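**Q** Sequence:
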Amino acid sequence: MPEKVTFATRPKQVQGMIARAVAAGVPFAWFAADEEFGQNPGLRSYLETEGIAYAMAVPKNTDTSTGAISSATGIETLVKHVASRLKPHDWSRRACGIGAKGFRTYDWALVDAGDGHQYVFRRNIADGEIAYFHCYNPHREPLTELVRVIGSRWPIEECFEAAKNEAGLDNYQVRLYHAWYRHITLSMLAMAFLAVMRHKAKKRRTPPVDRTDTLTTRTRHLIALTIAEIRHLFNLADKDDHAIDHGLRWSAWRREHQADARRHHVRRRLRLQMLEI
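Quick note: to get our numbering, add 439 to the position in the sequence shown (first position is 1).
Mixed in with the good hints, there may be bad ones.
[Stated by the list, open to error] Derived DEER-like restraints, expressed as beta-carbon distance ranges:
(1) Tyr611 x Lys519: 36 to 46 Å
(2) Ala447 x His703: 40 to 50 Å
(3) Asp677 x Arg459: 12 to 22 Å
(4) Pro480 x Asp609: 47 to 57 Å
(5) Ala629 x Val550: 19 to 29 Å
[What the hints assert, rightly or not] Result set (DSS-like, lysine-lysine): computed pairs, CA atoms no more than 30 Å apart in a straight line:
(6) Lys519 x Lys451
(7) Lys499 x Lys451
(8) Lys641 x Lys603
(9) Lys641 x Lys451
(10) Lys678 x Lys639
(11) Lys678 x Lys642
(12) Lys499 x Lys519
(13) Lys603 x Lys443
(14) Lys603 x Lys678
(15) Lys603 x Lys642
(16) Lys443 x Lys499
Simulated from the structure, these hints should not be mistaken for laboratory data.
The model shown is predicted, which means the values in this text are computed figures rather than measured ones.
Backbone N, C-alpha and C define an ideal beta-carbon position, used for all residues, glycine too.
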């Protein structure tokens, strides 16, 4: 391992990554993260000093008056107690993104904590479970923007999952630093290639057309090419014509099946939401 590489906690590593991004002029408006980083006072202090707005998940025993984690359960300013005092009219139903099963819809509430700090509460419509988020919002962006930022974590998590499944990001047993570094670099390069191909395919996407099968002529609605599907198609590159034709038909069937499943999930969720209204 190179001498310049020393031990650092994950929040410290993130701080270094942000500093390099800022120095390189990478444009970004928000920093979003899970509880591991949201409860770290050093990282929060760094972001606030640099004037970087953030929206990070925090544990339910976070004190809204100080932003610190408290072991005393009776403090009225803990986020879980603040949430319990919210009235029905304090909540509003919003979608923070769209997934394979339709819009990710939750109930949301916002509480101001002063000095640019706010706390966002997200309640699951199905089971009522509440998640808590500490936001540094110096420009006083509305709740709609905070919901969008909090929801942006899902595509990032999905990207990591795809990199593991399709590009072998986690398929290395760390033994030597240089070998591990090369493996990670190549995996990230492969993932970037697949992501660019998906983006280009999405831009060239055409409306559904009539396709003739052995039984009938009908319009087939297919989902856009995913990273996994693009990898499947690349695996056909060295196959014979019969295998390629078979693989393309399988690809079309999978995408049509996924489109049907997504459509039914969306309709079901919309029906449930209409019943609740």
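**Q** Next step is simple, just say for each hint if it's right about the structure.
**A** Results for each hint:
1. Tyr611 x Lys519: 36 to 46 Å: Given range 36 to 46 Å: holds, Cβ gap about 40 Å.
2. Ala447 x His703: 40 to 50 Å: Check passed, 47 Å falls within 40 to 50 Å.
3. Asp677 x Arg459: 12 to 22 Å: violated (40 Å)
4. Pro480 x Asp609: 47 to 57 Å: violated (30 Å)
5. Ala629 x Val550: 19 to 29 Å: Hint violated: Cβ distance 44 Å, outside 19 to 29 Å.
6. Lys519 x Lys451: holds (28 Å)
7. Lys499 x Lys451: holds (23 Å)
8. Lys641 x Lys603: holds (22 Å)
9. Lys641 x Lys451: violated (37 Å)
10. Lys678 x Lys639: holds (24 Å)
11. Lys678 x Lys642: Holds: Lys678 and Lys642 sit about 27 Å apart, inside 30 Å.
12. Lys499 x Lys519: Since the Cα atoms of Lys499 and Lys519 sit roughly 5 Å apart, the hinted pair holds (cutoff 30 Å).
13. Lys603 x Lys443: holds (28 Å)
14. Lys603 x Lys678: Between Lys603 and Lys678 the Cα gap is close to 25 Å, so the pair holds against 30 Å.
15. Lys603 x Lys642: holds (25 Å)
16. Lys443 x Lys499: violated (38 Å)
When the structure is compared with the earlier hints, violations turn up for hints 3, 4, 5, 9, 16 and for no others.
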